[in-house]
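*Asks:* Protein chains in written order, with this note's numbering: chain A, 1 to 282; chain B, 1 to 441.
Incorrect hints may have been included.
Simulated pairs of lysine-lysine, DSS-like, Cα-Cα distance not exceeding 30 Å [said to hold, decoys possible]: (1) K195(A) with K76(A); (2) K258(A) with K129(B); (3) K110(B) with K76(A).
Hints are computed from structural coordinates only; laboratory data are not their basis.
On a predicted model such as this, the values are computed, not experimentally measured, just so you know.
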Amino acid sequence: MRTTHRRILLSTILTAALGTTAMAQNAGISSGYPVPKNGFTAQEQKGHGLYRRYCIGCHGPQGDGNGENAPYIDPKPRDFTIATFKCRSTLTGSLPLDTDLIHTLVRGVLASNMPSWRPLSDEDRADLVAYIKTFSPRWKKEQPGPPLQVPAEPEVTADRITAGQQLFQKMECWKCHGTEGRGDGPSAATLTDSKDRPIVPYDFTSGHRFKCGETDQDLYKIFMTGLDGTPMPSFADNLTPDQAWDLVFYLRTLQPGKTKERAIAKQLGLKPINPTGTTPQP
Amino acid sequence: MTWSRSLAAGLLLAFFLLGSVRSAVAIPAFARKYGLPCSACHEGWPKLNSFGQTFKDNGYQLMNDRDAPIYQNASYWPVAMRITPHWHYESVGNTTVDTAGGGTTEQTIKTSGFDLTGIDILTAGTLAKNISFLLVPSIDPGDGTVGFESANVRFSNILGSPWLNFKFGKFELDGPLSEKRMMTFSNVGGAYALYHFAPVGDVNDFSFGENQIGVELMGHSLNDHTRYAASVVSSTNGGLGLPGGRSYDGYLHLSQGFLVPHLGLQRIGAYGFVGLRPTFFLTSNGEDIAGTGRGNRSFYRAGVYGSLYLGRFDLAAVFQRAGDNVYLGNALSTNDILPVGAHGPIWNTATFEAHYTYSPQLIVIGRYELVRMSQQALDTNPSDLGNLDVFTIGYRYYPFMHSRAGLAWHQEFATLKSRLTSDTGQDQRSSSYFMGFDFAF
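Bound conformation, chain A alone (with noise of 0.2 Å):
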């Protein structure tokens, strides 16, 4: 019993000592990677810790979306570097709030495979987005612009939708997302982003979810605000908020689903835009 015993606390010790080398190993690294700069806070620490575990395939080690994942990604991931994002409800040009971040987080981004981290807990997310941000001196430079206030939203009515739908065709909106909203717009084939890379208007006929949002709101700061980095531009300047509403209405005629807007687009006997004037060829 006694060699019995020896040969488990010898197991025992090989077991811990072994382990203690790894775990030497990794001494001095945050999280199991190396440390790329000082000067974090504890949040941004945590953060980088999460960054490696989660987003480092996409969005790469230095947060310039050169990930390993990203030759095989369409679209492209984030370049943080750049400090330019898509989904905020800031005006164009400016920096987002972190909650517009943090949404982006929960929510994930349509069309890419960026995906929903809604398991994560808001204080991992709050870290991840203190850490995403020490990428780019543009947060140390800038602040956040004033998010967007939208007003509460109107009812929708037969007047609206069609209001809207002048709006769809004086804004051209039809040149990148075409007539029927399909995304097939004559222009569709020739835009690209912000790093010249092809990009594809969204379809309106594709779903009820936008790459920022599900709702009317989240639909309204979209084109209020615009989608930095791609083609589509904020439209703060031309329309007005009554405008705006009016727009959403529109387009959500376009999307699938029963709809009030649809059943009143129905009603209205409402038909595509027809912009150049020229008679569809059968």
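Put chain B on the given structure of chain A with help from the hints.
*Replies:* Just chain B, lined up with the frame of chain A:
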């Protein structure tokens, strides 16, 4: 009494062997599909983190528009393989061996050498949006025979609700601890005692840790904090070809998670399994006829657990009570007359499993399991006959972390003491030392 002790020794041996045929689910095919490193879904593979658990509960889907296979490159094949070449040392105490004079004696059997675990071929993914599958052929490294550890199809988010998911086939019960994602592999430490323990003389073959064949209805909240799983499985312990009786077993598991600031996701839950096993078969020329089990008698397993996270440290504690019918516990047919003092055996188990996740590349494991008999199958049995204590420590070191493949240096030591189970009524001490390279690609 000798026969029952031999049976106990046999069960103990089977318990050890389970460690060598362990099969775990850590699937680089998923990582390749979604471009995520192993660490996104695993604390340290194969142990899931909350993100990985949600992914699994969503039917192997991230719930974005890249889930359906139609969005994958046509050359993508959802297949991964896993095996662990290793060196191990085994010691089994007070084992009966024959002597030259024709008698028997007890001695400690020790052996060591290089070895392989079973080879798992892990194929899993989606057939279409919200329809997923898992198929795991497992090859025995000794004789090359192939068994199907898992084979199931799952319909997820039925009617658009995460509360309705339906699985059909062979699968692991949604238990408090996943034996298929166990972090320890040795012969002693590679199986949970609470899932495999059987009292001395008991013939009930149900093993919670073995995958079962049947259906599962499972649901969860969007954030996966609230979960339920209800299963109905054939009473065959996962065996193919309807070898047993014609009855069904039922299982229910409920759990609730709580996010505690600065600590992480805590979870508490309760589960229960009730089943039937035949006590005799119709025979032909004295041989049992498969599928004709009769004289069904019941058994149950019921437990509560908590999974607590304190930053990088986590501890899971599971308390389970189990009982088998008196006929199962005494290996008797219902046509037999029960001996005086016969009871249905009842036992309690406690399992404490802790991990320290130093980083996604290094995880330390410690586990203590104990089994205490509450009621023996016979009054004449010592009250502590079969009591078990198992202690396991180890660690896994992952030299790299990316989305194509995984490699872990694994080292582990486990020791077990079972009370009075040798043929001469002595305690038995068994120990395993294991080190090797666990890789999946």
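*Asks:* Evaluate each hint against the coordinates.
*Replies:* We went through each hint and held it up to the structure:
The hinted pair formed by K195(A) and K76(A) meets the criterion: a straight-line CA distance of about 10 Å does not exceed 30 Å. Of the supplied pair hints, the one linking K258(A) and K129(B) holds, its CA atoms being roughly 22 Å apart against a limit of 30 Å. Proposed proximity of K110(B) and K76(A) is contradicted: the alpha carbons are some 57 Å apart, above 30 Å.
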